[in-house]
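Q: Read off the chains here:
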Amino acid sequence: MKNAVPLRLHVPEPPARPGQEADFSWVKVPPAGTVTRPDIAVDPYEIRRHAYELIRVLDDNAAAVGPWDPRLDAETVRRGLRAMMLTRAYDERMFRAQRQGKTSFYMRCTGEEAVGVGQAMALDDRDMTFPTYRQQGLLITRGWSLVDMMNQVFSNTRDRLKGRQMPIMYSSKEAGFFSISGNLATQFSQAVGWAMASAIKGDDRIAAGWIGEGATAEGDFHHALTFASVYRAPVILNIVNNQYAISSFQGIAGGERTTFAARGLGYGLPSLRVDGNDFLAVYAVTRWAADRARANLGSTLIELFTYRAAAHSTSDDPSKYRPADEARHWPLGDPIERLRAHLVARGEWSDERHGQLAAEVDGEVRDALREAESYGTLGTGEHHSPATMFDDVFKEMPWHLRRQRQELGY
Amino acid sequence: MVQALNAAMDIMLGRDANVVVFGEDVGYFGGVFRCTEGLQRKYGPSRVFDTPIAEAGLLATAVGMGAYGLRPVVEIQFADYIYPATDQLISEAARLRYRSVGDFTAPITVRAPCGGGIFGGQTHSQSPEAIFTHVCGLTTVIPSNPYDAKGLLISAIEDDDPVIFLEPKRLYNGPFDGHHDRPVTPWTEHPAGEVPDGYYTVPLGKASVVRSGEAVTVLTYGTMVHVAMTAVAESGVDGEVIDLRTLIPIDIDTIVDSVRKTGRCVIVHEATRTSGFGAELSALVQENCFYSLEAPIVRVTGWDTPYPHSLEWDYFPGPKRVAEGLRRAMEG
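These protein sequence lines are chains A and B, in that order.
With our numbering applied, the first sequence covers 1 to 410.
With our numbering applied, the second sequence covers 1 to 332.
Among the clues, some could well be false.
What the hints assert, rightly or not - Label pairs and their calculated CB-CB ranges:
hint	chain 1	residue 1	chain 2	residue 2	range
1	B	69	A	8	31 to 41 angstroms
2	B	69	A	407	49 to 59 angstroms
3	A	407	B	28	26 to 36 angstroms
4	A	217	B	303	31 to 41 angstroms
5	A	124	B	69	16 to 26 angstroms
To be verified - Chain A regions said to be covered by chain B (calculated; three or more residues, Cβ under 8 angstroms):
hint	region
6	155-162
7	170-181
8	339-350
Unchecked claim - With a straight-line cut-off of 25 angstroms between C-alpha atoms, the simulated DSS-like cross-links for lysine-lysine are:
hint	chain 1	residue 1	chain 2	residue 2
9	A	201	B	206
10	A	201	A	173
11	A	173	A	395
12	B	261	A	395
13	B	206	B	261
Just so you know, these hints were derived from the structure itself, not from any lab.
Heads up, the beta-carbon is just placed ideally off N, CA and C, and yes, glycines get one too.
Construct the entire structure; sequences and hints are all you get.
A: Below, the structure written as C-alpha cells:
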C-alpha cells in the first residue's frame, strides 16, 4: 500500500529565533489561586489534571491568594528574599570574576532563584539534596560559606575539592548537598537510592533531586521515577523547566505536546506543575511533597516552570539562538521582583529597605571574594600540589599510583 | 561455589546492618543462579529485595545508598547486562571518592556471572573485565574456586570503594578443566571446594600461586585457572600457574618474582584478545622483566569475535590451545 503523501520528519522549532519578536503566546498563565490543593493522601489519579495546570499563589497585585498560599510570616518571606538576592549577587560577582580570568567557567541561575531558595526553605536542613549545577541557592539558603564556594570556583589552595572539579560543582556532605556531576541526570536516580536507604534504616530524613527539562530525556530520569514509584521512596523529584538545554528549546526534549510534569502520571506519581518564579507557590508545593514523603506516602514529581534569563554558562552566547530580549518578555516575571512587590503590598517592605538589603548582600559577597582571592585563583595559579592528584582514587593508594606519582616527580 | 557466595552474603548481612542485597530476581526467588537463596527469608525484604529490570537504575540507587552510608551488594544477572549501568559505574561510583575528596564514597559490590560454556550465546557468555580494569577507582575481582569466592566476596563487601566481582558461571557447580565432552566433576572432589564455616577473608590485590613450576609462568584467572592446570598436566611443561584473583590492583610482585625465575610467560584468558587484560599483563611483564625473558610472551585467549552459540567450544581457549601456547613459549 502506498502512502498518499511522502512521510515527513518533524523537527521541533521554537516560536522565535534571533531577529524575531519574542513569542510566549503559547504559555498559558492561569489566574493565581485557581488550582485546588488536595490532601497529601490523595489518589494520584484524582489529581492527574494538576500535571497540566500551573499552581500560582502571587496574583497580579502581588497578593498571596488561594489554597496554596503557605501563609508565611513576613520575617520568613524576607529571609527568602534575602537568600534570593544573595544568590543573584553571588552569581553576578562570580560571573565577572570569570570574565576577569580568575576562573575557567561559571554558571548563573538568574531568574531561577526561587527554585533553590524556596525549596531549601521548604525542606528541613537535614534533608539530603541531589542538585544540578543550577541550585547554588540551596547551599546559600542553608547558610553555607560563600568563601568556601568561591574557593571551589577558583580551585585555590583552600578548595576542599583540591581543584579536581570544574567550577560550581560543589560538594558538601555537611550541608546535605551531593557532589555535582557533569554527567546530566545521574543524580536524579541516586536521590531515589538515598531516599530508599533512609527508609530502609527507618530514618526521618527525606531526599530531593533536581533535573533540567532537557535531561528528562535521559534514562536516569525514568529509572528514578520507576524506582521511586515501586518502592514508594521518600523523595521529591523536581524538574526545573527553564525552557532551554543550552541552545535547544524545551520542544527538543519532548515538551511540544505535553508537559514535563505529565511524565509522572504513567508512573502513578502525583505530578504537580508550579510557577517556578513564584516563591510562595514553589515553597507551598515543595512542602506538600515533603509532607507526603514524611508520611510514607512516597514520591512527588514537581515541574518548576521557569525561564533561564542568563546564558547557559560563561561559554555560551544565547543571542545566537534566541531573541536577544526574550527574557524581558517572559510572562512569569522575575522571582525577586515579584516577592519584593508582595512584601511591599503587605506593608512589610519598602524601596529604601530593599536598597539597603541590596547593598548589604553585595557587601557580603565582596568581603567573601576578597578573602577567597587571598587564597589564590585559577588565574594566579595557586592550587594544591600535583602530588594530591593521586589521592582518593582509592581509599588506600595502590602500588601503580604510587609509582606514577613518583614518575611525575613527587 | 554458589553456596560459598551465598554464605559470604549471609555472613555480611548478619555482621553489618548496613549491608543490603538487591537485583533482578534475587529476593523471594533467590537469583537465577541461586546465589541469594534464602537470604530474603532470613533478613527480610528491606535488606534483600527484587528490583525492576534497569541495571542503570540498580547502580544509581546503589550510589545513593552508598552516599547515605549503606553498603550495597548488587547483582547484575549476567555480566553481559552490565553495559546500561556503565555511566553510573564509571562516571559516578568509581569517581565519587575522588571528586568529593572522600566526602561521599561508593562502597558498592557489583556481582555478575561472566564467561561462557553454558551455551549462552553472545549475550550470556561475555568476559568484560578489561573494561573495568581501565577505569580508575574500580577494583576488579574474579575468583576461581569456592574458598576464594567466599573470602574475596567478604573482602569486597568490606571494601570502602566499588568492587566489580565477576563470577565465572561455568565454575558455579564444579571446577571445569576445559574438556566439555567429559563428565562434570563437582567441587566436593576439589581441595579448594572445602569452605570453612563462618567469617574469613581472602585479601584483594593478592594473587595465588596455584602450582609451582620452573619452566614457564602462566598468568590467568577465573575458569582458565583450571584449564591452564589441565594444559600443564597434559603437555608435561613444568608451568608455574598464577591465579591473579584480583586484576586491579594487580599483584605485581608475585608476577615479577615468577617471570624472573622462569624467564617465560604465557597469559591465558577467556575474553577477546585485542585490548584484553592480557595486553596489560604483557606490557607489565615486558616493563618489569624484560631482561629475564628468554622468549616472546604468548597470549592464549578467546577470539576477537562475539561468543557464538553453537560454536562456543571453537571459541573457548581449551586445554589443547593452552598447551600449544605453553609449547610455543618453550620453543621461543
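Q: All hints, please: hold or fail.
A: Now for the hints, and whether the structure bears them out:
The hinted range of 31 to 41 angstroms is not satisfied by residue 69 of chain B and residue 8 of chain A, whose Cβ atoms lie roughly 53 angstroms apart. The given range of 49 to 59 angstroms is broken by residue 69 of chain B and residue 407 of chain A, whose C-beta atoms sit roughly 36 angstroms from each other. Taken as a hint, the range 26 to 36 angstroms is violated for the pair residue 407 of chain A and residue 28 of chain B, whose Cβ atoms sit roughly 52 angstroms apart. Range check, residue 217 of chain A to residue 303 of chain B: Cβ separation about 38 angstroms, and the 31 to 41 angstroms hint holds.
At roughly 18 angstroms, the beta carbons of residue 124 of chain A and residue 69 of chain B sit within the given window of 16 to 26 angstroms. Three residues within the 8 angstroms Cβ limit are the bar, and the region 155-162 of chain A against chain B gives 3, so the coverage statement holds. Counting residues of the region 170-181 of chain A whose C-beta lies closer than 8 angstroms to any C-beta of chain B gives 6; at least three are required, and the coverage claim holds. Given a C-beta distance limit of less than 8 angstroms, the hint that chain B covers the region 339-350 of chain A is violated, as 0 residues qualify and 3 are needed.
Distance check on the hinted pair: residue 201 of chain A and residue 206 of chain B sit about 35 angstroms apart at the alpha-carbon level, beyond 25 angstroms; violated. Distance hint between residue 201 of chain A and residue 173 of chain A is fulfilled; the C-alpha atoms sit about 18 angstroms from each other, no more than 25 angstroms. Straight-line distance between C-alpha atoms of residue 173 of chain A and residue 395 of chain A comes to about 18 angstroms, which keeps the hinted pair within the 25 angstroms bound. Between residue 261 of chain B and residue 395 of chain A, the direct Cα distance comes to roughly 33 angstroms. Violation of the 25 angstroms bound is thereby established for this hinted pair.
Taking the CA atoms of residue 206 of chain B and residue 261 of chain B, the gap is about 19 angstroms. The hint holds against a cut of 25 angstroms.
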